[in-house]
Amino acid sequence: MTRRPTIARREQILQRLAEYGRVQVDELSHLLNTSEVTIRKDLTALEEAGKLVRRYGGAVPSFAADTTNDGTDTEVSNRKIAIGAAASRLIRDDTRILIDFGSTTTTLIPHLSRYSQLVVMTNSMRTANAVLALTSAPTLLMTGGTWDAQTHSFQGQIAEQVLRSYDFDQLFIGCDGIDLERGTSTFNELLGLSRVMAESAKQIIVMAEADKVGRRIPNLEIPWRQIDVLVTDKRLSTSAKTQIEQHGVEVIIADISATQNKTGEQ
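For any residue, its number in the numbering used here is found by taking its place in the sequence shown, counting from 1, and adding 48.
For the record, the hints were derived by calculation from the structure and aren't laboratory data. We put the CB at the ideal spot given by N, CA and C, even for glycine. Please note: incorrect hints may appear among the correct ones.
What the hints assert, rightly or not - Calculated pairs, DSBU-like style, for lysine-lysine (alpha carbon to alpha carbon, straight line, at most 35 Å):
| no. | residue 1 | residue 2 |
| --- | --- | --- |
| 1 | K260 | K250 |
| 2 | K282 | K250 |
| 3 | K99 | K260 |
Claimed, not checked - Pairwise CB distance ranges (calculated):
| no. | residue 1 | residue 2 | range |
| --- | --- | --- | --- |
| 4 | R243 | H200 | 17 to 23 Å |
| 5 | Q209 | E293 | 34 to 40 Å |
| 6 | P266 | M190 | 49 to 55 Å |
| 7 | R162 | S77 | 35 to 41 Å |
| 8 | V167 | S77 | 47 to 53 Å |
| 9 | Y163 | H295 | 27 to 33 Å |
| 10 | L239 | H295 | 17 to 23 Å |
| 11 | H200 | L79 | 16 to 22 Å |
| 12 | R102 | L239 | 32 to 38 Å |
| 13 | A93 | N267 | 40 to 46 Å |
| 14 | R243 | A197 | 45 to 51 Å |
| 15 | V167 | L239 | 21 to 27 Å |
| 16 | S184 | I55 | 17 to 23 Å |
Given only the sequences and the hints, what does the whole structure look like? Please build it.
Following this line, the structure appears as structure tokens:
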């Protein structure tokens with residue numbers, strides 16, 4: 049295999065990153081027939097250009113790095129990446145979708161290029177930038193509104209008014225907690241926009257890791273009677289799955305093994 053020019057090599061790195069959600073230095077070195085030193089330089093250059101975020105032994109997409117309150121980055125887990133892949137299979141061509149802010153919902157973005165004639169609305173700048181970075185980007189709409197620095201999203205009455213003027217096929221939304229009796233819950237006291245999003249969509253799909261089940265969070269976000277699908281991971285207990293399904297919610301368990309095999313995680 050011949051060595052690739054720098055630009056072509058870095059483009060291939062980004063393509064692989066978009067497809068698998070994570071890349072490893074040793075894997076790229078073998079795939080692109082170049083040294084690990086060169087790959088690390090490529091990743092550094094791409095990080096400086098805002099295309100990705102370096103992680104030990106590799107990198108993740110820039111939009112897949114969640115920021116905690118203390119300003120540090122936390123890597124999106126393979127579970128979240130698998131949840132994004134599973135949720136994306138619910139999308140069809142020529143549909144209108146809403147994507148709420150959050151590190152889990154953003155893992156949906158790399159899969160959108162598979163579909164044609166999509167219209168995507170979001171209140172998240174991170175999500176919007178990820179959509180625009182796609183090779184074949186769908187039509188993008190923003191809610192506008194009042195900027196919330198904590199969530200890096202637009203909130204408030206203007207955003208709610210904009211949402212009420214549209215009709216969407218699907219809403220993809222995350223949560224901070226899952227109450228088996230009530231529905232999804234959140235630490236965020238700005239609940240209005242999430243509820244308007246739910247009212248504006250025909251199908252509501254919650255994307256959440258299973259460890260959010262049972263978290264005691266007082267703010268009820270979306271009750272079970274409004275939720276159609278929960279996409280989560282295999283750590284969800286059988287009893288919890290049964291209880292959620294009794295609310296009339298379809299539960300989809302994401303296959304994390306495929307993500308682990310692709311990213312080289314053991």
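Status of each hint after checking the structure:
As the CA atoms of K260 and K250 are separated by approximately 25 Å, the hinted pair is consistent with the 35 Å bound. Restraint check for K282 and K250: satisfied, since their Cα atoms lie roughly 27 Å apart, inside the 35 Å limit. Annotation: proposed proximity of K99 to K260 holds, straight-line Cα distance about 30 Å (limit 35 Å). Between R243 and H200 the CB atoms are about 20 Å apart, so this pair conforms to the stated range of 17 to 23 Å.
For the hinted restraint 34 to 40 Å between Q209 and E293, the CB-CB distance of approximately 35 Å keeps it satisfied. A hinted range of 49 to 55 Å is violated for the C-beta pair P266 and M190, which are about 30 Å apart. Between R162 and S77 the C-beta distance comes to about 29 Å, which lies outside the given range of 35 to 41 Å. With their beta carbons about 40 Å apart, V167 and S77 fall outside the hinted range of 47 to 53 Å.
The given range of 27 to 33 Å is respected by Y163 and H295, whose C-beta atoms sit roughly 29 Å from each other. In this structure the supplied range 17 to 23 Å holds for L239 paired with H295, their Cβ-Cβ distance being about 20 Å. In this structure the supplied range 16 to 22 Å is violated for H200 paired with L79, their Cβ-Cβ distance being about 33 Å. At about 35 Å, the beta-carbon gap between R102 and L239 stays in the expected band of 32 to 38 Å.
For the pair A93 and N267, the supplied restraint of 40 to 46 Å holds, since their beta-carbon distance comes to about 42 Å. In this structure the hint that R243 and A197 lie 45 to 51 Å apart at CB is violated, the actual value being about 21 Å. Between V167 and L239 the beta carbons are some 25 Å apart, a value that agrees with the proposed interval 21 to 27 Å. Taken as a hint, the range 17 to 23 Å holds for the pair S184 and I55, whose Cβ atoms sit roughly 20 Å apart.
The structure fails hints 6, 7, 8, 11, 14 (numbered hints given earlier, in ascending order).
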